[in-house]
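Residue numbers (this note's numbering), protein chains in the order written: chain A, 1 to 494; chain B, 1 to 494.
Keep in mind that the hints are not guaranteed to be accurate.
Because identical chains cannot be distinguished in the list, a pair is counted as satisfied if it fits within a single copy or across any two copies.
[Claimed, not checked] As a list, the in silico SDA-like pairs of lysine to any residue whose alpha-carbon atoms are at most 25 Å apart:
1) K114 - V437
2) K68 - Q433
3) K436 - E39
4) K393 - N209
5) K216 - E287
6) K272 - L174
7) K216 - T293
8) K272 - R463
9) K114 - I239
10) K272 - R448
11) K272 - P175
12) K268 - L423
13) K436 - E238
14) K68 - R432
15) K272 - R37
16) K268 - P219
17) K114 - D198
18) K216 - V47
19) K268 - P176
20) K393 - A450
21) K393 - R226
If you are wondering where the hints come from, they were derived from the structure by calculation, not from laboratory data.
There are 2 protein chains.
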Amino acid sequence: MSAEQAAALIQHGDHVGMSGFTSSGYPKAVPPALARRIEAANQHGNVFRIGVWTGASTAPELDGALAKVGGIELRLPYQSDPTCRTRINAGEMEYIDIHLSHVSQFVWFGFLGKLNVALVEVAGVLEDGRLIAASSLGNNKTWLDLADKVILEVNSAHALGLEGMHDIYYGTALPPNRRPIPVLHPSTRIGDAYLHVDPAKVVAIVETNIPDRNPKFTPPDAASERIAEHILDFLEHEITRGRLPRELLPIQSGVGNTANAVLSGLDKGKYKGLTAYTEVLQDGMLEMLKSGTLAFASSTALSLSDEGMREFLDNIDYYRERILLRPQEISNHPEVIRRLGVISMNGMIEADMYGNVNSTHLMGTRIMNGIGGSGDFARNAYLSIFMTASTAKNGAISCIVPMASHVDHTEHDVQVVVTEQGLADLRGLAPRQRSKVIIERCAHPSYRAALQDYEDRAQALARSGRAGLHTPHLLREALSWHERYEETGHMLPQ
Amino acid sequence: MSAEQAAALIQHGDHVGMSGFTSSGYPKAVPPALARRIEAANQHGNVFRIGVWTGASTAPELDGALAKVGGIELRLPYQSDPTCRTRINAGEMEYIDIHLSHVSQFVWFGFLGKLNVALVEVAGVLEDGRLIAASSLGNNKTWLDLADKVILEVNSAHALGLEGMHDIYYGTALPPNRRPIPVLHPSTRIGDAYLHVDPAKVVAIVETNIPDRNPKFTPPDAASERIAEHILDFLEHEITRGRLPRELLPIQSGVGNTANAVLSGLDKGKYKGLTAYTEVLQDGMLEMLKSGTLAFASSTALSLSDEGMREFLDNIDYYRERILLRPQEISNHPEVIRRLGVISMNGMIEADMYGNVNSTHLMGTRIMNGIGGSGDFARNAYLSIFMTASTAKNGAISCIVPMASHVDHTEHDVQVVVTEQGLADLRGLAPRQRSKVIIERCAHPSYRAALQDYEDRAQALARSGRAGLHTPHLLREALSWHERYEETGHMLPQ
Ligand SMILES: CC(C)(COP(=O)(O)OP(=O)(O)OC[C@H]1O[C@@H](n2cnc3c(N)ncnc32)[C@H](O)[C@@H]1OP(=O)(O)O)[C@@H](O)C(=O)NCCC(=O)NCCS
Ligand SMILES: CC(C)(COP(=O)(O)OP(=O)(O)OC[C@H]1O[C@@H](n2cnc3c(N)ncnc32)[C@H](O)[C@@H]1OP(=O)(O)O)[C@@H](O)C(=O)NCCC(=O)NCCS
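If we strip away everything but chain A, and leave its shape as in the complex, we get (with noise of 0.2 Å):
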């Protein structure tokens, strides 16, 4: 069937389960033809507006394109997309923001409605009707299991060699019913390769021959060096300590620039058989399984540069020995990251001096991404440690703030918080002992001062009996930083 034609079978008004994890996996060809048909029905003065559910972010083909149109909404339960932030922060489109981990079961539940249509695509259909999941597979399984309605897109382009990388878990049920997901080790397989789906709810199938639109892989800046610098002199100190085994445990690691340099310097070390419990692979995890410092991989997505992709296909048969891609719901699952005991690695937008984090909001109102799976890894996590350049905005923002302007990750949450001035180790630690190593080793100097002098006007302002000496705070100060950068381009008085 054309694109044309599937996607005449999305209504207005439809809620729409779509496959994609970070840029891979993603339908490319019904939601472009989709967005035409709304920008059609627009010209007729028609209203054409869907809800978008997906695993996480896509890809300009996906929501660019649908959001261009006005054509969504609602998304959830996480976006990175330039045109959808722009929507969202001007109230031209819903947005929840949801754990990775929560998605599936609320669905489930039934907390989210109806879902109308799944658009899935894959690698590839068996003869007796099983799917070969294609790059990514989010929440696919659950998509395909409750929609009234499915749309394959069978891609050519992802190779059939992905076959029997998937392990996707049949066993999941509504509690009172739920059994525990027996996953002992990133390699364990507790289901099935192939997807299933009911043929009678398959209303179209599109074939396509179109590869993922790969993230580039662009070399670490000085800052994200620096950053994974403190972070192994970090890891080294608490194998020393006897806190960590040499094989460390299970690594968890966020997408970008500074996670690939944290995984590079891992690889350049003295590390070998390690494991990654995750749910974006990276070029970084690929070297390092190439280079035998990995042994094993558990992710949701693949995420590789174009280079890294080639790379891939070209070793498919070592990587499937080593790779397992699962649902996002078992890849996030808390049971599973609790139990593994997993090191997690986070970005983050600002930390403040408590230790409290935010990773969805700039400046306390304007959504940048979404949490993602970053509080499913956090709170499990054996260690959670939260990254970011000290500043942003060249020195105009101190990622270190005297309170947050949205909390996504509570004090009770993060034990490390780093930046490329070093690296503040909160555990055992009370608020003002936090505040005290944030400011001294993450904040970069030109706001340690100004840092250092909030703080002790608000510990004197607790210690004349105006407020608790708890957690310190001017009330009227707290988020003066990020209103005069808003006012003035820059967190500081100039």
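We have chain A already, so just place chain B with the ligands on it with the hints.
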């Protein structure tokens, strides 16, 4: 051995792991003796301060006595004692507020330093050295396993009928060797009925005969009864919609008045055969067990009024079939809470318009109690409900505010907010939709207009391009209500 002799075995600087969870099962003789010793040391000009680690809150004989003499250097993971609170907020005592499920593993991981002494109350000692645990388990297993020295208080005031009511999991391990926690139902036994201790470590046994200082049971006030009605209506509605089974899912309920009102409402309703998976079992649940509304309850502590305790003891054989007490690492384990699909109901200090919840800090700076188990439950629950009266201090404080002055549960973890005014179901709502229902349904009428005005002006600012419309805020005013309360004693201009 006398309490004085035992107290002499504790040294300045020691970390002492004490039993105790909501005024049950705390050591009753040694802490007061230790407080006297500390006072004497102070009078001789000697510093004597220890780290006090417990299950959760305790009683005046422990927290109160030690805090009064300034004997606590560091307290974790939860407290609710007035003297402790004053000391913490005066900067005289450090306090680390930790998710209850994290405590035991952090100690095992070595993140909090060495545990020098375990001071644990038990109900009895068997001939073979195994211990009959008391009315709470908390972290006792961990303290006994990890401390260098063990002091036992054997309290004959605890009914020996408690024997057999505990289920102490001895399968906990460190990653990478952890296995699934095999609890499939609140009644599943996975452990041993007795605590174990290495006899070589036991340096003192002190005999006592002092009942737990049970909390008074006060009949629910009008606001609590209204909150309970809203929750009961909501649960009925969920059953009607097919989103909850008739016998619900296991209930978790925080301590306090409102919690008891909800339970008593459930008890009057048409429910039968419910279950509870919770950390504290209060009078409300005992009554439900008696009436048959509740078929089974799993908890880590019994927190009964004197009257409740009498009922319990008089019918202990009946209750022994229907209650299990577990270590808090199991009662609060994310894995189990998520698997069972708990309905979680907890109190809060305040919620903001967008559904971020503050459970711990008054006016952003003063600690009240701590996060306790609320995060373990809310994040992993099937349904996470937070409740409070809409105002405090005779209306001078709105518990619905523009921005929470401290965040313990983020917008990602809060599904339902309830006050006596009404219930806001936040599932599937984006931030501006959430603020609409929270203001309309939950805010007190005397604050509704001011909240609406804030929201309107925040949206107008965002529409002007000077902020984002995803989560509109006026950074300058976001915390001004709290500031005004601190300055004038009322959140609104009078
Ligand atoms: C927080 C997050 C946005 C950081 O991403 P990153 O790529 O490392 O961040 P960068 O430093 O490149 O910053 C991204 C942008 O935010 C801006 N920024 C960074 N810190 C900022 C701050 N404190 N205030 C305002 N803007 C800031 C940067 O200037 C940059 O802007 P630009 O795109 O206009 O140049 C990203 O990690 C994220 O979305 N995290 C949440 C999801 C998550 O953690 N998932 C984990 C599993 S994958
Ligand atoms: C949040 C919490 C303190 C509410 O407890 P509660 O007994 O229902 O609350 P109350 O309404 O009686 O209020 C307690 C006090 O806080 C004050 N208060 C309530 N809301 C307030 C607010 N928004 N700002 C300032 N003070 C407030 C009350 O006036 C009262 O003060 P008082 O003791 O001086 O009279 C309590 O639920 C808690 O500690 N929660 C965190 C731990 C938890 O959730 N555990 C769950 C598993 S048990």
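Do the hints match the structure? See the list:
1. K114 - V437: between (48 Å within a copy, 22 Å between copies)
2. K68 - Q433: between (48 Å within a copy, 23 Å between copies)
3. K436 - E39: Cα proximity of K436 and E39: none, with 55 Å in one copy and 31 Å across.
4. K393 - N209: So K393 and N209 fail the 25 Å test inside a copy (40 Å) and across (66 Å) alike.
5. K216 - E287: within (15 Å within a copy, 63 Å between copies)
6. K272 - L174: between (39 Å within a copy, 21 Å between copies)
7. K216 - T293: within (23 Å within a copy, 60 Å between copies)
8. K272 - R463: neither (52 Å within a copy, 54 Å between copies)
9. K114 - I239: Answer is between: at 17 Å across copies they meet the 25 Å cutoff, but 49 Å inside does not.
10. K272 - R448: neither (39 Å within a copy, 60 Å between copies)
11. K272 - P175: between (40 Å within a copy, 18 Å between copies)
12. K268 - L423: Cα proximity of K268 and L423: one copy only (20 Å, versus 55 Å across).
13. K436 - E238: within (21 Å within a copy, 48 Å between copies)
14. K68 - R432: This pair counts as between: shortest inter-copy Cα distance 22 Å, intra-copy 47 Å.
15. K272 - R37: Neither, since 52 Å and 53 Å both go past 25 Å.
16. K268 - P219: For K268 and P219, the Cα distance is within 25 Å only inside one copy (15 Å; across copies 65 Å).
17. K114 - D198: Within one copy only: 17 Å inside, 57 Å across.
18. K216 - V47: Result: close neither inside a copy nor across copies, 36 Å intra and 60 Å inter.
19. K268 - P176: between (47 Å within a copy, 24 Å between copies)
20. K393 - A450: For K393 and A450, only the intra-copy Cα distance (18 Å) is at most 25 Å; the inter-copy one is 35 Å.
21. K393 - R226: within (18 Å within a copy, 50 Å between copies)
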